[in-house]
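> Residue strings, one per chain:
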Amino acid sequence: MKSSVVGNFPKVGDSHEQQKLRRGIEAYQQQKILKADLQEIQDAVTQQAIQEQINAGIDLITDGQIRWDDPLVWPARKFKGISVNGLLRFFDNNVYYRQPVVESAVGWIEPVLVHDFQFALRSVPKTASLKVVLPGPYTLGRLSKNQHYSKIEDLVLDFARALAKEAKALEGAGAKFLQFDEPSLPLYPEDFKLAAKAIEICTTPLAHSTIYVYTYFSSLSKTFDDLQNLPIHGLGVDLVSSAENIQLLRDKRSAKDLALGLVDARNTKMENEEDLRNLLESFEKNLDRIQFLNPSCGLEFLPYNSAVKKLNLIAGLTKDLVSSTKKG
Amino acid sequence: MNLPKTFLTTTTVGSFPKPDYLKKARTQFSKKEITREELEKLEKRATQEIIQFQEKLGLDILVDGEMYRGDMATFFAEHLTGCKISGLVRSYGNRYYRKPVVIGKLEWPGPITVDWWKYAQSLTHKPVKGMLTGPYTMMDWSFNEYYSNRRDTALAFSEVIAQEALALEKAGAVCIQIDEPAVSTKPEELPLAIEALSRVTQNLKAKTISHMCYGEFAKLYPKLLDLPVQQLDLEMANSDYDMIELFKKFPFTKEIGLGVLDVHNHAAEPKETIKKRIQTIFEVIPPERIYVDPDCGLKTRTLEESETKLKNMVEAVKELKKELLTYA
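So the protein lines, in turn, are chains A and Y.
If you read the first sequence in our numbering, its first letter stands for residue 1, the second for the next number, and so on.
If you read the second sequence in our numbering, its first letter stands for residue 329, the second for the next number, and so on.
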């Protein structure tokens with residue numbers, strides 16, 4: 001069992017130093033600094049986000065998605081056929097994203113995240129591993145404004161083809177762990193076949209990566225059984241947003257490995273470690289399936305200091321559990 | 329003070345853009361470079377200017393413009409016992425804000441907005457709305473470290489907001505708006521939002537309004553009509569009046585605050601467009617139950633943009649009223 005995160009990490013904190021990215025973006029928008037200057041700041045903040053995860057003792061980290069303008073759909077902006085529209089609410093959060101507008105056929109032009117991945121990889125010590133997070137094709141289709149395709153099916157499958165190329169490029173650059181985020185998938189169980197087909201397109205070209213699909217914010221009660229048939233290694237399950245997910249893992253054995261969203265990444269209240277241990281022990285049917293413990297979703301919904309505390313909690317709990325299993 | 333006994337009453341949703349001198353002063357205050365008294369002096373000046381601005385435009389029901397508020401939830405939390413304010417969290421892009429954190433039993437410390445309402449009302453003979461954030465939205469947009477669940481938190485907020493609403497009414501407010509934009513994000517929690525809001529409005533004699541925006545209202549309708557207020561103020565221009573088909577199916581039984589101006593668009597809607605938008609709703613709601621306003625607060629527009637948009641809105645209403653009286 002290892003500790004991990006779901007994706008993003010707060011880009012700014014409360015100190016002057018921790019707000020350099022905010023100032024940098026503002027200065028860049030006002031043409032007071034060059035793109036290269038902004039990139040230098042983004043690099044420094046990315047290294048800081050990586051360092052926070054390493055300091056906490058997280059085993060499988062991300063680059064904190066410091067360059068992403070929104071929680072999920074940002075990489076799609078670099079695909080062919082996409083422009084950007086007004087603000088929309090990101091699921092049930094008081095957080096907004098600029099909606100991708102599909103103006104013509106979606107296609108992959110060039111690597112979007114490879115540079116970020118390679119940069120992050122250079123900053124990761126041997127004690128930890130790096131994963132890359134991509135938006136899932138179905139969720140991208142759902143969160144976009146479709147002005148081109150007559151059917152959402154065609155849009156989702158073209159997103160999948162573009163993401164497959166991106167994933168392949170990442171694997172070629174050395175990525176060993178890829179994660180596709182599909183928070184929209186559980187909300188439309190009637191579209192499961194489409195989502196599954198799209199995910200299969202994304203994963204087919206990958207030769208040796210470990211592939212996880214993460215769902216968060218909602219119940220898997222209507223999709224859990226079908227999710228078992230996806231061509232992936234593991235499932236990320238949010239145990240905080242839905243009590244039904246807790247019951248599901250008590251009642252059913254998962255055919256996939258599991259990454260459990262154990263700690264609330266949308267509330268500053270700190271969980272009691274003993275409660276979390278008891279919760280984990282209640283998943284008797286799946287104990288050997290649990291590969292990762294992580295927050296319920298990206299940590300950017302929290303202030304910086306709370307995000308760090310949650311990282312410490314997850315990493316500490318995982319280490320304690322591993323060491324008590326070894327002793328036992 | 330009485331509300332205008334008329335039809336197609338014009339008003340606005342609450343916020344107006346802050347003048348540059350006030351923005352600068354707020355930054356200076358946050359850096360402790362000026363005193364609270366110095367800031368308040370400028371907030372009063374800006375309030376006076378925005379009241380004059382609305383009078384000049386010929387709006388029927390005025391607002392204080394919220395010159396003394398930052399975020400609509402955090403402003404109240406800054407004053408409530410049992411709340412503290414979080415570190416920065418991202419709203420979207422490079423925009424960050426601080427959220428309320430509930431850390432103890434919520435208590436009303438005494439009037440929060442009443443002096444501001446009294447001041448604004450003293451500047452005009454037209455009615456000024458009392459403006460509050462609803463208990464469901466306060467709960468949904470806060471971190472909660474004290475109450476054991478969302479329901480307890482929402483109901484605790486309703487107790488303190490009820491006291492503030494009564495204080496506004498006692499001071500003379502004949503119209504109180506209690507905003508609940510978060511209601512649209514979790515349709516399954518609409519009964520909780522209704523229960524919490526009813527505790528705020530149950531003892532009020534003033535006209536009660538609730539504003540909502542940027543959500544999937546279709547999922548809430550017609551249950552939305554059970555919200556215990558006389559008027560629902562809805563963003564309609566941005567969503568292209570797609571609710572009208574639903575109103576045909578399930579009659580809209582309350583007064584409507586009809587959003588006719590897209591507040592996220594710089595361009596001013598021509599008078600004819602606004603007239604058509606209002607006429608569209610005549611099919612399902614009679615003019616005496618229609619209040620005309622922008623989709624949402626105008627704080628993200630410039631004052632010049634707000635002026636042109638509102639001028640066209642007031643002109644459109646004037647012409648429509650004339651036409652209606654001619655053909656009556």
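Please keep in mind that the hints were generated in silico from the structure rather than gathered at the bench.
A few of these clues could be false.
As the list claims (entries may be wrong) - Calculated cross-link-like contacts (lysine-lysine; reagent style DSSO-like; alpha-carbon spacing at most 30 Å):
#  : chain 1 : residue 1 : chain 2 : residue 2
1  : A       : K309      : Y       : K412
2  : A       : K222      : Y       : K547
3  : A       : K32       : Y       : K627
4  : A       : K319      : A       : K256
5  : A       : K35       : Y       : K359
6  : Y       : K604      : A       : K145
7  : A       : K151      : Y       : K576
8  : Y       : K627      : A       : K20
9  : Y       : K454      : A       : K193
10 : A       : K145      : Y       : K446
11 : Y       : K360      : A       : K145
12 : A       : K269      : Y       : K359
13 : Y       : K576      : Y       : K384
14 : Y       : K412      : A       : K269
15 : Y       : K551      : A       : K20
16 : Y       : K360      : A       : K32
17 : Y       : K547      : A       : K197
18 : Y       : K351      : A       : K32
19 : Y       : K351      : A       : K151
20 : Y       : K551      : A       : K222
21 : Y       : K582      : Y       : K514
22 : A       : K145      : Y       : K352
23 : A       : K285      : A       : K319
24 : A       : K197      : Y       : K582
25 : A       : K32       : Y       : K582
26 : Y       : K627      : A       : K151
27 : A       : K145      : A       : K32
28 : Y       : K576      : Y       : K446
29 : Y       : K352      : A       : K20
30 : A       : K145      : Y       : K514
31 : A       : K145      : Y       : K603
32 : Y       : K412      : A       : K32
33 : Y       : K514      : A       : K252
34 : A       : K145      : Y       : K577
35 : A       : K222      : Y       : K649
36 : Y       : K446      : Y       : K369
37 : A       : K35       : Y       : K352
38 : Y       : K359      : A       : K193
39 : Y       : K360      : A       : K309
> Work down the list of hints and note, for each, if the structure agrees.
Outcome of the hint check:
no., hint, in the structure
1, A:K309 - Y:K412, "holds (18 Å)"
2, A:K222 - Y:K547, "holds (19 Å)"
3, A:K32 - Y:K627, "holds (26 Å)"
4, A:K319 - A:K256, "holds (23 Å)"
5, A:K35 - Y:K359, "holds (29 Å)"
6, Y:K604 - A:K145, "holds (26 Å)"
7, A:K151 - Y:K576, "holds (28 Å)"
8, Y:K627 - A:K20, "holds (26 Å)"
9, Y:K454 - A:K193, "violated (59 Å)"
10, A:K145 - Y:K446, "violated (45 Å)"
11, Y:K360 - A:K145, "violated (44 Å)"
12, A:K269 - Y:K359, "holds (28 Å)"
13, Y:K576 - Y:K384, "violated (37 Å)"
14, Y:K412 - A:K269, "holds (13 Å)"
15, Y:K551 - A:K20, "violated (46 Å)"
16, Y:K360 - A:K32, "holds (26 Å)"
17, Y:K547 - A:K197, "holds (28 Å)"
18, Y:K351 - A:K32, "holds (21 Å)"
19, Y:K351 - A:K151, "violated (47 Å)"
20, Y:K551 - A:K222, "holds (25 Å)"
21, Y:K582 - Y:K514, "holds (22 Å)"
22, A:K145 - Y:K352, "violated (37 Å)"
23, A:K285 - A:K319, "holds (22 Å)"
24, A:K197 - Y:K582, "violated (46 Å)"
25, A:K32 - Y:K582, "violated (52 Å)"
26, Y:K627 - A:K151, "violated (38 Å)"
27, A:K145 - A:K32, "violated (33 Å)"
28, Y:K576 - Y:K446, "violated (41 Å)"
29, Y:K352 - A:K20, "holds (20 Å)"
30, A:K145 - Y:K514, "holds (22 Å)"
31, A:K145 - Y:K603, "holds (28 Å)"
32, Y:K412 - A:K32, "violated (36 Å)"
33, Y:K514 - A:K252, "holds (27 Å)"
34, A:K145 - Y:K577, "holds (27 Å)"
35, A:K222 - Y:K649, "violated (52 Å)"
36, Y:K446 - Y:K369, "holds (15 Å)"
37, A:K35 - Y:K352, "holds (27 Å)"
38, Y:K359 - A:K193, "violated (55 Å)"
39, Y:K360 - A:K309, "holds (29 Å)"
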